[in-house]
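From first to last, the protein sequence lines are chains V and X.
Heads up: take any position in the first sequence, counting from 1, add 1172, and you land on the numbering used here.
Heads up: take any position in the second sequence, counting from 1, add 1, and you land on the numbering used here.
Since the hints were made in silico from the structure, they are not lab data.
Heads up, some of the hints might be wrong.
As the list claims (entries may be wrong) - In silico DSS-like links for lysine-lysine, alpha-carbon gap of 27 angstroms or less:
(1) Lys1400(V) <-> Lys410(X)
(2) Lys1298(V) <-> Lys253(X)
(3) Lys1274(V) <-> Lys245(X)
(4) Lys1287(V) <-> Lys1324(V)
(5) Lys1241(V) <-> Lys253(X)
(6) Lys1274(V) <-> Lys410(X)
(7) Lys1353(V) <-> Lys1324(V)
(8) Lys245(X) <-> Lys1277(V)
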Amino acid sequence: MAVIEGRELVKDYGGMKALDRVSITVEEGDFFGFFGPNGAGKTTLIRILTGQLEPTSGSATVLGVDVVKEPMRVKELIGIVPEVESPPTYLTAYEYLYFVGKVRKLDNLEDRIGKWLAFFDLEEKKGTICKDMSKGMRQKVMLASAFIHEPKVLFLDEPFINLDPIYQRQLREYLEGFVEKRGTVFMASHILEISERLCNRLAIVNLGKVVSEGKIEDLLREGENLEKLFLRSVGLKALGGDPARKTS
Amino acid sequence: MLKEEFRTHASYSGKQRFLTFPLFVLVLAFFSGLTLERMTEQVPLEQMGVFANLSAFLYGLSVGAFGLMGREYLERRHGTSNYLVAMPYLLPLSFRTTFIGIYLRDAVFYVLLLLAPATLGLILVAPIVGFHLTSIGLLFVAVLLSFMFGLSLSFLASVVYIRSKAAFLGITAAIGVLFGSHAILAVPSLEFIVPSLGFQMNVRPFGDDPGTAALYALVVLLATSVFTLLAYGLVQIRINIASKMHADLLPKIYERTGFMEGINRTLMSKEFLDLRRSGTVAKMFFSFVLPLLFLSFTTWYVNYGLSIPVGFNAVFYAAMVGFVGVMMYSWLNNVDLAEYYSLLPVTVPQLIKIRILVFLILTMGISTFFVVAISVLNGETELLWLALIVMFITSLYTVVMTAYLTGLKTNTFLFDTSVLMRFSVLSFFPDVCLTILSFTLQADWAIAVAGITLVLVMLSLATVVFFRGIDMKWDRTPFTA
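All chains should be built: construct the whole structure from the sequences, respecting the hints.
Below is the structure:
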């Protein structure tokens, strides 16, 4: 069953095409990786699929709901972690989760808040408002707020960024368990090592167009890893770390 | 830095639209010049000179006041952008150098944005109405001095604020005492408080005493230099980022907002908590109360200082209170970024409507107090009922109209000339109608009340139309930039 479906999606920012007829299908239980160079259109696609941004043309559904016609309904059903961690400046972690819980009309709110504060070890920062938190702490708050209503579909834009290795592992294990229980994850990330371990299907986008899509094992050539597949798909060879080597 | 400031402003509404703002100022100055002769029948030219210089002084103060918000402002409004003001953190460049850079940038940018086009407008109209170019040049020098005086004072105050809030309050109180003393006792003179005014009043077309004018110019230049050097010397090298602990208050505030239901209750609770934690309530209070005090002082000065019997009454003040309220709505939209709302099932119109309600809750008490106080002080308690109705309807109309035009980005959209034009027309005409009708109350009570009623009915209808229009206009707007 297709949980996420995008058809011929185009997003034009005043003459600059961020997405150019992108079609994508994600099945229930998929851990779908969405990769591409900076500015390739990953965040734009996530924002369209989550009802945050209207496409210039094309259509999309999430859990059968039209994202253009019913963006609020889509947001009720899904969890979103944005690219930039941006919780409310003046709320504590507890207060933001309380706020999200009330907006989403959740039952057993105290239990849910307690569970996620404990999961991300945010209790030690009790009383600290988000603007005084580190980037990692803010990212944990955003993750907790996306998980608190236990959605069936998660849209994650760079979820591992700013997290220390301990919480990267904890999050990875949680997401693996989530998918095992038939949850669906749509994730954009530049951390290819973790993504390769998690994703069963992927799409690579370059200059607004999907250049590779399918099951990871079908796309990888012999002896190839995700990094090499990525570079091949976007038309680049692996480069060393010294910028001077690029011109030599 | 100049390019960065220009691009920041241009990003709000587009390059062309932003560039039409100084053009708008130029045209306004041109037409003001054309109608100057008629205006001087009501207000003496000398008072216009005072008004122009005091306005430039306040303009300088407000431009520099952004420094008061400093890091907080940059983090909140431009959290994802890196500005040159952050350079000392990344490059071998001192805070002092950056600070003086910001000072010079603001001076040049805001002179080019407003003072220069206004002067050009007067120069263009000069051949038609017979203004002397020398007088226009001297007017420009005077308002420039007033602007720089205000700007340097504001920068100094912002540096003092970061070092010591008590010292900042001391400076603010001293300025308040000077103006208050002038208002009540006429001592010290305005020229003593804002010396550039002394320069203005001693040169053409207001006077012809070059020696005294030069002395005043020297004083204001000296004061501006001293303020700037003091600010430069006192600017703190490193801002302490202290983390404060807070109790979880949201559930308690939520319990107290039982008069609301569902998602609106949650949104309103958060708005009140934001206002409390950000300290915006105090800033809002001053930005609302100060213009009202300024208005009261100006009208008092015209009535009693200049002995011009204009006939300001409680109904006039009530209308003004309503129109001043727009600044409060703007503040509400500047407390925090709203990007995270895009992740939740919340729409832009829902948040706009909550902020209108918060605006009403915050302002109605102060506005009512002000109108009642003015009625009692003027001995016009018989007008109080009408004044209160005028105040409530104009307040509601102004905030709903502003919300309809600017959504959640009031500051941003008021830099868009097309929005500014619509805003000006929609606030100017009812304001003028109510002002004229309020002046007519003594002469012809029945006609004036009938006219005011008609204006209020139209404003109420417009309020309903704008309120309903908020859904249609902003429903598809994303929270994200």
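Check your understanding: Taken at face value, is the distance from the CA of Lys245(X) to the CA of Lys1274(V) at most 27 angstroms?
Key -> Answer holds: Lys1274(V) to Lys245(X) is near 26 angstroms, not above 27 angstroms.
Review point. Under the criterion that the straight-line Cα-Cα distance not exceed 27 angstroms, is the pair Lys1287(V), Lys1324(V) satisfied?
Key: 18 angstroms, holds
Practice item. Take the C-alpha atoms of Lys1241(V) and Lys253(X), compute the straight-line distance between them, and say whether it is at most 27 angstroms. Key: With a Cα-Cα distance of about 36 angstroms, the restraint between Lys1241(V) and Lys253(X) is violated, given a limit of 27 angstroms.
Check your understanding: Between Lys245(X) and Lys1277(V), is the straight-line Cα distance small enough, at 27 angstroms or below?
Key -> Not OK: Lys245(X) and Lys1277(V) at ~30 angstroms, beyond 27 angstroms, violated.
Exercise for review: Measure nothing beyond the straight line between the CA atoms of Lys1353(V) and Lys1324(V); if it is 27 angstroms or shorter, mark the hint as holding.
Suggested key: Holds. Lys1353(V) to Lys1324(V) sits at ~9 angstroms (cutoff 27 angstroms).
Review point. Between Lys1298(V) and Lys253(X), is the straight-line Cα distance small enough, at 27 angstroms or below?
Key: 16 angstroms, holds
Practice item. Would you check the hint for Lys1274(V) and Lys410(X), treating anything up to 27 angstroms between C-alpha atoms as holding? Key: Given pair Lys1274(V), Lys410(X) holds - Cα atoms ~26 angstroms apart, limit 27 angstroms.
Point to revise | Lys1400(V) paired with Lys410(X) [C-alpha distance capped at 27 angstroms] | key: With Cα atoms ~45 angstroms apart, Lys1400(V) and Lys410(X) exceed 27 angstroms; violated.
Hint compliance for this structure: hints 1, 5, 8 are broken, all remaining hints hold.
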